[in-house]
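Undergrad: Residue numbers (the numbering used here), protein chains in the order written: chain A, 97 to 423; chain B, 41 to 365.
What the hints contain is simulated information worked out from the structure, not anything from laboratory work. Glycine included, each C-beta is placed from N, C-alpha and C at the ideal position.
Mimicking EDC-like on lysine to aspartate or glutamate, the simulated pairs with C-alpha atoms at most 16 Å apart in a straight line are:
#1 Lys261(B) / Glu178(A)
#2 Lys261(B) / Asp156(A)
#3 Lys261(B) / Asp195(A)
#4 Lys315(B) / Asp205(B)
#5 Lys299(A) / Glu275(A)
#6 Lys299(A) / Asp324(A)
#7 Lys299(A) / Glu281(A)
Derived DEER-like restraints, expressed as beta-carbon distance ranges:
#8 Ala352(B) / Pro339(A): 49 to 59 Å
#9 Ala246(A) / Arg113(B): 49 to 59 Å
#10 Val166(B) / Ala198(A): 30 to 40 Å
#11 Ala376(A) / Ser180(B): 43 to 53 Å
#12 Val166(B) / Thr113(A): 16 to 26 Å
#13 Gly165(B) / Ala179(A): 14 to 24 Å
Example chain A residues on the side facing chain B (calculated, C-beta under 7 Å, incomplete):
#14 Arg185
#15 Phe193
#16 His217
#17 Tyr252
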Amino acid sequence: MTAPLLEVTDLRTHFFTRAGIARAVDGVSFSLAPGEILGLVGESGSGKSVTGFSLIGLVDPPGRIAGGSIRFDGQELVGLSEARMRAIRGKRIAMVFQDPQATLNPVLTIGTQMALALQAHRQAHGRVTDRAAAERAGAMLTRVGIPEAATRLNNYPHEFSGGMRQRVAIAMALLNGPELIVADEPTTALDVSIQAQILAEMKSIARDSGTALIWISHDLATVSSLADRVLVMYAGRIVESGPVGAVLRAPLHPYTRGLLDSLPAMAQPGQRLAQIPGSAPSLLALPAGCPFAPRCAHADAACTTPPPRIDRPGRQALCHHPLDAAA
Amino acid sequence: MLGYVIQRLLQAALVMLAMSALVFVGVHAIGNPIDVLISPDATQDIREAAIRRLGLDLPLWQQYLAFLGRLLRGDFGTSFVFGMPVLQLILSRLPATLELALAAVLIGTLAGVPLGVYAGYRPDGVLSRVIMAVSVLGFSVPTFWVGLILILTFAVNLDWLPAGDRGPLVEVFGIGWSFLSLEGLSFLALPALNLSLFKLAMMIRLSRAGTREIMLTDTVKFARAAGLSDATILRRHVLRLISIPIVTVFGLELGSTLAFAVVTETIFNWPGVGKLIIDSITSLDRPVMVAYLVLVAFLFVSINLVVDLSYALLDPRLRRGGAAA
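Hey, can you work out the whole structure from these sequences and the hints?
TA: What follows is the structure in structure tokens.
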């Protein structure tokens, strides 16, 4: 196996609020090989987005990385100066957000916004002339499937459809040839048909350019069609990880099982959709022991103590009662 | 777009008509100009002749219709006091007010917006607190007091700048301006500074609020994720996004300063329209008051039109189809 591109060890990102410390990310560890596609799945508030923002050092206050290590290509990112972090952001690690309507600046042409993203890294490229910037931006737009890219550069975000806007955002992320793209629910705001197109294109672009991809989503179905490996997050922890196929076929953690059962595609026609009872716990008042225990059908007295780490070949889970043992 | 402009101009005409009627009735109610204009010991004949000459013997509605009739021919009437056409009188005073108001609003904006953006960017910084304290002062300390303090400090004690008047004028297109010579500028400095303080405070608050709001949006986060520096984000993204309220207030402030710079003009003895209107009110010079206030209405309506048109320039989303709305 090659050296990992990204190695996250015991990452803890906490929000220091007046009501107490919210441990949004609490001891997350994973690694990512160059060119690998990793799915990061969880409900709202599970800490998956905060994990993504921690990677590029953009956690909003009162949150901050309270501990752990993020090694990117051998370099430690936790505690890196803002100037050096900025040189990595957008250049080596790029990010795509959920809602392109909100992320693109409505009053600047996309050509201008792409030129700004290129010029932000002129230390790396040397000075970028306007013409060179436009050429590179146009090439990227073509690559993400936007026709007539050269004229589209003069358009404003509102002149694009939702799917096209997200393609623009993806083109911006690709602009500086990053080694890693963190995509935070990039298809959630889009129509299902557009979602599928963008998923397919994202996959082929990542494969062609050898870009590693962390795909953050609440939707196991999109992740299953895209990722090599999947991490399932719950209450700031990774409760299960492993190759996508194996995890989906035979989940170890009852929470993963619950997520799978609530997918419409898994249900029999005419049958009620299964759902996980209760809701995600408040990060300010996590139960002692396994945070999923109050919602778990398999929970017993043992679950009031911290769950042990279960190791299976290529897979891990945090659970007292892994589902393969019960069978 | 043309249809939109025509529609707005028609609106302007209506506003001016309503304004003229209101002012006409209002001014009529204040008092009888004859009592002020003719000395009390004049004979009844002279009095009668003056009343007839000024058209004050007719019923109010006839006077108003006559006024409107003259207005259509571009004649605003003749000043009771100065005996010269009102329009000429106002236009002769307008450049003084124009340069004063523009200087004040420009100082307020050019200084206020960067300060406000900084205060919004670092809301908890020491410098930001100082900036906000200045803006509170700018809002709450009365203009006349600041004006007197400025004169006392810079004109009387330090003797750096003149205390009043317009100083030497440089003629361009037959109109005299103070701001075109260094000495003229020294005369303009104190009154402009005095007037700008309130606008500065307003611009600081406005840009601070806008910046704070926009710094929290995903647009800024996305720009940061692309590796843009905060300076670039403020200059290229935030400034453009907060420009619409700033341009709106710029227009409103310019209009109200042009119309009502009375206090500052009085303190600094600045021969602008503000002083003219105060003088005409004391002497019940009805044509001047009516014409002035109608022109003010026109001024506001046209500034608002320019502001509205500039929105389309600043926000591309308003360009298409927005004209009909």
